[in-house]
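Participant: Work the whole structure out from these sequences, hints included.
Going by my numbering, the first residue of the sequence shown is number 11, and it counts up by one from there.
Since no wrong hints were added, every one of them can be taken at face value.
The calculated label-pair distances, taken between Cβ atoms and stated as ranges, are:
id : residue 1 : residue 2 : range
1  : 238       : 315       : 16 to 22 Å
2  : 459       : 67        : 38 to 44 Å
3  : 308       : 459       : 51 to 57 Å
4  : 157       : 322       : 20 to 26 Å
Below, a list of computed lysine-lysine pairs in the DSSO-like style, where the Cα atoms sit at most 30 Å apart:
id : residue 1 : residue 2
5  : 238       : 184
6  : 444       : 463
7  : 482       : 209
8  : 463       : 443
9  : 242       : 178
10 : 444       : 482
11 : 482       : 443
12 : 184       : 242
Since the hints were derived computationally from the structure, they do not count as laboratory data. All C-beta atoms, glycine included, are put in the ideal place defined by N, C-alpha and C.
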Amino acid sequence: MKAFYLFLTLAAGVPAVGSVAATPSMPTPFPAVPGDAIPDSRPAVADRLFRSEAVERCIERVSADITDPMLRRMFAQCLPNTLDTTVHPGRTADGADDTFVVTGDITAMWLRDSGAQVWPYLRFAAEDDSLRHLIGGVLRRQFRSLVLDPYANAFLADTVSTATPWAKDYTEMKPGVFERKYELDCLCYPLRLAYGYWKATGDVAVFDGLWLDAVEAVLRTMREQQRKEGPKTSYNFQRTTHAMHDTMSNYGYGHPAAPVGLIASGFRPSDDCCLLPYLVPANFMAVSSLRQTAELLDAVNRRTDLAQECRALAAEVQAALERYAIVEHPKYGRVYAYEVDGFGGAILMDDANVPSLLALPYISDVPVSDPVYQNTRRLVWSEDNPYFFRGSAGEGIGGPHVGYDYIWPMSIIMRAMTATDTAEVAACLDQLKKTTGGTGFIHESFHKDNDTKFTRAWFAWANTLFGELILKLHDEGYPL
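Facilitator: Structure, rendered in C-alpha cells:
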C-alpha cells in the first residue's frame, strides 16, 4: 500500500488534567529583574521534603565552576527541585521502602515522570544511603503500580482511594489509580530506572518477587498491544471531554493497526491520544528497556526464561521499526516517522515530551551518529515539523497538549543533550536562561513571543532534567 503522510496541524484546547493550583512554595515571576539578579527560590531548608548531602555537595562543587550567574542560579535550584518539593518517602506495612513522587502541581504519581524525576540522582545513590533508599522506594512503588494496573499512567498516594477527577472515565478504573491512559513509555520508564539503579548502586534487594511480577505484567501488556489477536484488546478508554486529544477513537479502541510486530500505545507521553497506534519513539525506548531488563534478569534473578522473552520481544520490535518506522521525505531523505499504523500510514512530526524523535539517543539505543536520526533531527527542528514554533522569545518544539505557539523547554534541553556542536549547545543554554519568565525555573511551556506567558510554574521533571543537562556538560568539560 502506498504510504500517506499526515502533517498534523490541528491543536486541541488546553485541559487541566487533574491540575491543582500552584503552591506558594514556588516563586512569583520577576520579569523586570535581570536574570543574574533573580533571588534564590529554593524552599527554606526546613521546608524541603528531602535533603541529600551528596546532591548538596555536587551543587556546591559544580556551581563553583559555573561563571554565568544565571546558569549558576538555575542549576542550584533546578537540580534539587524534585527532592525539595515532590518526594514523599515512607515504608509499607512490611517495612519496605516506599516513595511517592508527585509531578509538582499535580498531586499524583506518573510512572514516566517519577522515573525521570529521580533519574539524575542515580549518580549519587552509591555514596548517599538515604538517597539510595529513597530511589529504591520509588522503584517499589512503581513495581506495585504496574502489578495493580499496567494500563494506568498515574496513581494515587492512597492505594485504596478512588478520589480522582477521572473516576467517570469509560474504562476499568481501580482503587489507587489516578488516570488510566495507556502509554507505552510508562511501561518502559520503570524498567529504565531499575536498570540504572542496579548499575549505579549494585543493590539487588529491590529485585524480588514484586519486581518479577512487574516484569511479567509489562511483558503481558506489551504482547497484548502488538494487536496480533485483533484491534479489540482488553484495554479500552473513552472520556467525555471537549478536547479531541483526551479520548480514543473507534469506541475507545483507537485507530486500526496492522499486526507487524510493533507495540501499540493508546496515548503519547504528553497524555494526548495517539492518532496512529505505533508511537515510534516509545517503541525504540521499549527495545532498549527490554534489553536492559534481560541483562538484569540474567545476572540478578537467574530467570533466563523471562530474559529470553525480553530479548525476543526486543528483537521483534527492532526488526519492525527498521521496516515500518522509516519513510522517505522529499526534503530530508530517510527519516523516522512519529507514529505509524503498519498499513503504510505515517505521521511526520515530533512532540516535545520524552520519548520523542529528537530524544532518541537519550532514551534508546539509537546513536547520535545514525544518519536517519540526523535527518530526522533536522526535520523536527524546523518549520517542516507542524509543532515547531519560532518567535521573538525563542524557538523549539511544542505539541497539541498546550497548542499553537507554545514551546516546551524540554525540547530545548533535548536539543542540547543530543547536540555535537558547541555553538548549538551555547544557543540552547542562552535560550533556556532567557525563557524562565523571571523565575529561574523551567516550565512546561512558554509562548514563543513572551516567556512570561507560561504553563505550569511547578514542573519538577523539567527542572531536574535541566540540572541533568548541566551535569552532563560539566562532566564533558563544557565551559559554563
